[in-house]
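Colleague: Protein sequences appear in the order of chains A, B, C, D and E. First residue of the first sequence: 159, per my numbering; consecutive thereafter. First residue of the second sequence: 16, per my numbering; consecutive thereafter. First residue of the third sequence: 16, per my numbering; consecutive thereafter. First residue of the fourth sequence: -4, per my numbering; consecutive thereafter. First residue of the fifth sequence: 96, per my numbering; consecutive thereafter.
Simulated from the structure, these hints should not be mistaken for laboratory data. Check before you lean on any hint, since a few could be wrong.
[Unchecked claim] These stretches of chain C come out as covered by chain D in the derived footprint (C-beta under 8 Å, 3 or more residues):
(1) 447 to 453
(2) 646 to 657
[What the hints assert, rightly or not] Residues from chain E that keep clear of chain D, each with C-beta distances beyond 12 Å, as calculated:
(3) F102
(4) K103
(5) N125
(6) T174
(7) G194
(8) T225
(9) P229
For every residue, glycine included, the Cβ atom is placed at its ideal position computed from N, Cα and C.
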Amino acid sequence: MNNTELKKEILRISGVNVKKCMKCGKCSASCPAYDEMEFHPHQFASMIDNGEIEPLLRSDSLYRCLSCFACMERCPRGVEPAKLIEAVRLTAIRKQGANRMTADDVPQMLDDNTPGQLLVSAFRKYTK
Amino acid sequence: MGVIMKVTYFPGCTLKNKARDLDEYGRKSAEVLGITLEEPKAWQCCGGVFTTANDEIATKLSSVRLLRSAKDADQPLVTVCSACHNVVKQTNHAMKNDIVFRDRVNRYMAEETPYNGETTVYHYLELLRDVVGFSNVAMAVKKPLAGKKIGAYYGCLLLRPGKVLGMDDPENPRIIEDLIVALGGEPVIYARRNECCGGYVSAESPALAEKNSGKVIDNAAAAGAEMLVTACPLCKYNLEKYSSKLPIVYFTEILAEALGIKEEVNE
Amino acid sequence: MQRIGVFVCWCGSNIAGTVDVHAVAEALKTESGVVFSTDYQYMCSQAGQDIIKNAIHEHSLTGIVVCSCSPRMHEATFRKTAAAAGLNPYMVEIANIREQCSWIHKDMLSGTEKAIILGKAAVAKVNLNAPLTPGQSTVTKRALVIGGGIAGIQTALDIADAGFPVDIVEKKPTIGGKMAQLDKTFPTLDCAACILTPKMVDAAQNENIRIYSYSEVTEVGGYVGNFDVTIKRKARYVKEDICTGCGLCTEKCPQKKVPNEFNLGMDNRRAIYIPFAQAVPKVATIDADYCTMLKTGKCGVCAKVCTAGAIDYNAKDEFVKEKYGAIVVATGYNPISMEKFDEFAYSQSKDVITSLEFERLTNAAGPTSGKLLRPSDGEHPHKIVFVQCVGSRCENCAEKGKEYCSKICCMYTAKHAMLIRDKYPDTDVYVFYIDVRTPGKAFDEFYRRAVEEYGVHYIKGMVGKVVPEGKKLLVQASDLINGKQLHIDADLVVLAAAIEPDKSARPLATMLTASMDTNDFFTEAHPKLRPVESPTAGVFLSGCCQGPKDIPETVSQASAAASKVIGLLVKDHLTGNPCIAQSNELMCNGCSSCERVCPYGAITYEEKEFRMPDRTTKLRRVASVNPAVCQGCGACTVACPSGAMDLNGFKNNQIMAEVDAICKM
Amino acid sequence: MQTVTTKSLCERAASLLGEGTVAAVLGWKRGEFDYDLTPAVFTAAEELTEGFIYNDFSGANLSKYLLKKTREIDGKILVFLKPCDTYSFNQLLSEHRFDREKVYAIGIPCSGMADIQKIRKIVGEGITAIEACENSLLVHTLYDDEPISVSCAEVLTERCLNCKSKKHVAYDELIGDEGEVLTSNRFDEVEKIEALSADERFAFWQNELSRCIRCNACRDACPACTCEKCVFDNPNSGVQSKAPGGEFEEKLFHIIRAYHVAGRCTDCGECSRVCPQNIPLHLLNRKFIKDMNETYGEYQAGEYDNQRAPLVNFSLDDPEPSDVVKGGFDRA
Amino acid sequence: MQDVKEFKPVIVAFCCNWCSYAGADLAGSNRLAYPADVKIIRVPCSCRVNPMFILRAFQRGADGVILCGCHPGDCHYSTGNYYTRRRMSMLFSMLDFLGIERDRTRVEWVSAAEGAKFAATMNEFVEKVTALGPNKRLEDLRCKQ
């Protein structure tokens, strides 16, 4: 896929209209994972709009987003950056062999109290 | 209190093992409050997180099946785990409002009648507030949590996206605080009560979870909380793992305690 | 039979570019009644109008069709032209072949074809036109201004200055409005009170101005030049004409715990109070919600201490009925509630305040006597964060914020920041902004001074979360220029809350039948050309009720509204719109259907004598239309089954003639 | 048969005439046959005994005649009103169409009117006389020696089968017992047509309306059609027409007529009763009534004096036309 | 002979003076094209439109009739369009009852600011009417040339 098609695909599956963004940065101001991320929520909106998607696809930022929806909730323009990040992440892990996490990774994550919820959620986010 | 409502109750996977407390205290309390929880015969894990991509069908089917079983039983669906609540309610919202998604799911499932989001989904807290009523909960209290300073920890999944979940004001929620008041406790408001603990990312980046959870607990402690209550097993796990400053319990536990049935459950 | 002249305008190439104007003129020549047809480059020009005038004389025309731009543009022009040539102006019809033809169609063929049909329809209508004479109504030479803020005061002063009596109705106990609460004003930093209070005194002393304070408009009837208004004078339990404003009662009143709305609840007042020292009228008011005497019948301290004997616990609301020729709406604005924006912790910390609260905190007459102190602990803040656009420019959250820019926040925040840095150089000031909007005379220079001379930290980005922790407010925000998430431990956070029209505006608009936009701002008759008039004749707009504006703009608009009112009140008579309903008494059944749908109450019934076929006379009930009240909507004409009710200028047979002309291919 | 007799009504009318309470009586009299009764004015007791009849053929709604007669006759007029006629009476009153002071209204019970077409279908042609018995009619014909008995229920008119009310909503005096408002299935026929496809509906009405001969009987009998000058008679209205003028003309006439009486029509059924071509015109009126009931709430014209009819009323949250036509009655 | 190849419908649009006519003007000022088949008749308010006018248009050969007025709540005469809404709901439902195609009639609220909506509405309406073909069910053969 070239950039235009990739952009179209991401906008389609996210259902987001990035043109509504007024570049206020409130999403990134709200983001609890900001420091862990190379690209921040507002950059997802603007880079996708610009068609710069490859750097996003390669970035670990995709796996640091907590899906806590704070950016969505506080965006004054209804842009929903979390949906954009999800769409890019899926575009990345839907590729053959691109799973972020495998069953082999599980044992080291476990301790006595690890809830099943953690594993299930992580698999949903990191694996296709 | 007589039976006021029968509901379909979805415990979810974690409540069957690590979060047994959340489930058992919830069940017993419901009984006391006149709510009959009926667990569907067969249910699957909700998936833990809702995938917002609107072309994702498979990951949402288990929730749709669950919603359908509640519809067939003509009962509202009640969840108690924040994550299940989030996934099931968002899925129901999509089934109700996203026509393309709904049609694809219905075609895929090929059931006799389509499911169009008819089921009402309640979080257990909403059930207490909107069906039982906090004033009735207060009347059923046997052992008030007198003077206990309790911080409600909502996290992210219980409230957001606010428009879809429609549970409470996502920036200034009151529902757990109101419950604490009903149970005779003293709620402690602190700003980070709706900030994420680190969620599933703790699988990959414990540092992030540690930082976030720490901030939440510090903020609550600074505001004078003596304990935190939550509705989410993952929140409880993260908060407990990264700080021992405050005890973390499920809201159903303080409910059971105030209703005077905590010991009964533990017997 | 009419003698109709057709005049096809080229509008330069605007029409002639896609419509063959000669062909149109030619085609219309053969229409019934047409005796003259021509085309010209600019019909609206003097030369074009002369062509029409000459043709009226030369061909003894009885009707005119101008094929040109929209009638909304030049119908009035051509009616005047016709009148100048001795023809009744209502014998003119316009075929809109520009906006509704040449501008939207690309090829000459279809454009010309359509223009001809539109011309034919106009000709068909004119064939059935009849000369109309507008009715006249008198003008009550008194104006009503609703709202006593700076907008209302300025409007009233200007109207009074022209010699017309004017009443101000203000719902609060004093006039002055929001401006009375402000400390300094941008961009000159004059003290608000210093420039406002003299105007308030002027208004009080002007013999042409009557101030109904603590009053509300409850009913509006009538029409331009002749409004009937009912004003409710709320019981203030103090006789206005007797109270001297000495203030003794407000010192002695034992009920001390009433939140002081003038200071936005940041301190308390008594149950009997005078809002502020310069209040006009300077008269005490008893707050019935808190007064122990009114609630329990036990107390009466204020009556005991009042030497003038002004206290009247038995006062009741009074209703005053008054006639006005014009009404000016100046209901102003309020900051929106911050309740739904608790990511900024407004409800959680006293040290998160709105900008209007900040004005009170820095005002010498405010709760801290002008010392900048934190509301929570009275300590001097050393780090202050300003957040712009809170609730403004919100797209998805209609129930939460507003879609529009509130316009004044950028400037007042620059003012606040500058004042802090001037008075307290040890205090750090951060302003988080999305854009800094400073269009206005000396506005951008003002903002730049805040940055360059006063060292205010302007940071592009929004605040995402404010966490009160200990004595600090942890502000988490974006710094978009540096690509960082900032964490500032502030002592005070000031929110630039969006502004919205006062809640009283919506019911008032209904009473006035004045239209509003979706945000409850009053709509102007034309956004550019008639910005201070409402589409409802005789209703004018002043200040923020029409849209967010700052003080200079408000005062300009207030004076503009006043000049429009004066222009109306100097007239002895108003010429009405002759295109109004008329009932044919011979056909009228007297069934009341028309009366039921008339929004103006313009239709009444009378018993009239009619000759029966057998030469006897019988009384019959028939409708009659008050021409001064009817606005010509035509609702009655359709409610009438017999067709007895018809609308002049848009008669049944005229509209059907147009239909026929359009449909006959 | 009717529960009150011609004789008892005659007597009451005669006494009111005699004591001078009323100057004239509006009732029914025999036409050429027993079954073609027509409205008539009686001014003396002898005229009453001679001509006045109230039987199963007194279908004509007399309320409309009050318009003209109250203007023509000085003094009060006695009018006999069946339950359904009283609704028209009220409706006309709320439209100020006659002076209530000039009318003395007597409500009389009605057990339903007989349809001569239905009788003809049973007994054939050549009817000479009809006698009323308890629950049946004895029909004499030219061809039969013995009268043929038909049951009243069997030959009830269409409108009486769906009688909406046996209750009088206005009167000065009541003879006989008061009845009740009934629940009827009067919209069933409308629903049947609604259930057809657009093509079938068009074909149905094309067939019905093309029989119209523009005799104006429907309009002239209709108690809601009381205009001083009907638009169809008015040369200035642009729609004047007095003769059948093709398919469109009939549709225009009947749509406009139904529209003009919408909200004012009490569903008395006179239009269909008097139509010589047996066009079910009442269905057009009932369609409007049904739509208005479903969209704007139940409304019965004439039920009370001075009601505000749906089409001269509104509410802020009325549905849009697209929703009314698409949503409410979608059959696609 | 009817041109079978290209059917150009006749569309009558009644526009209220205050909102929709101004909206149509705005569409013109912004050069937003819609088919020339649409011919506008200016009325003071949508409530001036008598059902008779609509039937008349069909009689004389119109293929579609559209009524445009101010949005409910914004009527210049405050209540006119509320009556329009009821009247046209009832009339259109009756036409539907008689088997007349639903898409030949329409009511749309267009404000003075909605030039784009006006053009879009007209384009859509013309498209629908064109798809229906010539009006046969409400035509008056005597009015055909």
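Colleague: State for each hint whether it applies.
Modeller: Hints versus structure:
1. For a cut-off of 8 Å, the count of residues in the segment 447 to 453 of chain C with a CB near a CB of chain D stands at 0, and the three-residue condition is violated.
2. Coverage of a stretch by a chain is defined here by at least three residues with a beta carbon nearer than 8 Å to that chain's beta carbons; for the segment 646 to 657 of chain C and chain D the count is 3, and the condition holds.
3. Against the 12 Å criterion, F102 of chain E stays outside the reach of chain D, whose nearest CB is about 20 Å from its own CB.
4. With a cut of 12 Å on Cβ distances, K103 of chain E stays outside the contact zone with chain D, its closest approach being about 21 Å.
5. At roughly 26 Å from the closest C-beta of chain D, the C-beta of N125 of chain E stays outside 12 Å, upholding its exclusion from the interface.
6. A beta-carbon of chain D is positioned within 12 Å of the beta-carbon of T174 of chain E; the least distance is around 7 Å.
7. A cut-off of 12 Å between C-beta atoms contradicts the statement that G194 of chain E is not in contact with chain D; the least separation is 3 Å.
8. Non-interface call for T225 of chain E relative to chain D: holds, since the shortest CB-CB distance, roughly 18 Å, exceeds 12 Å.
9. Consistency note on P229 of chain E: stated as away from chain D, and its beta-carbon is indeed over 12 Å from all of that chain's, at 14 Å minimum.
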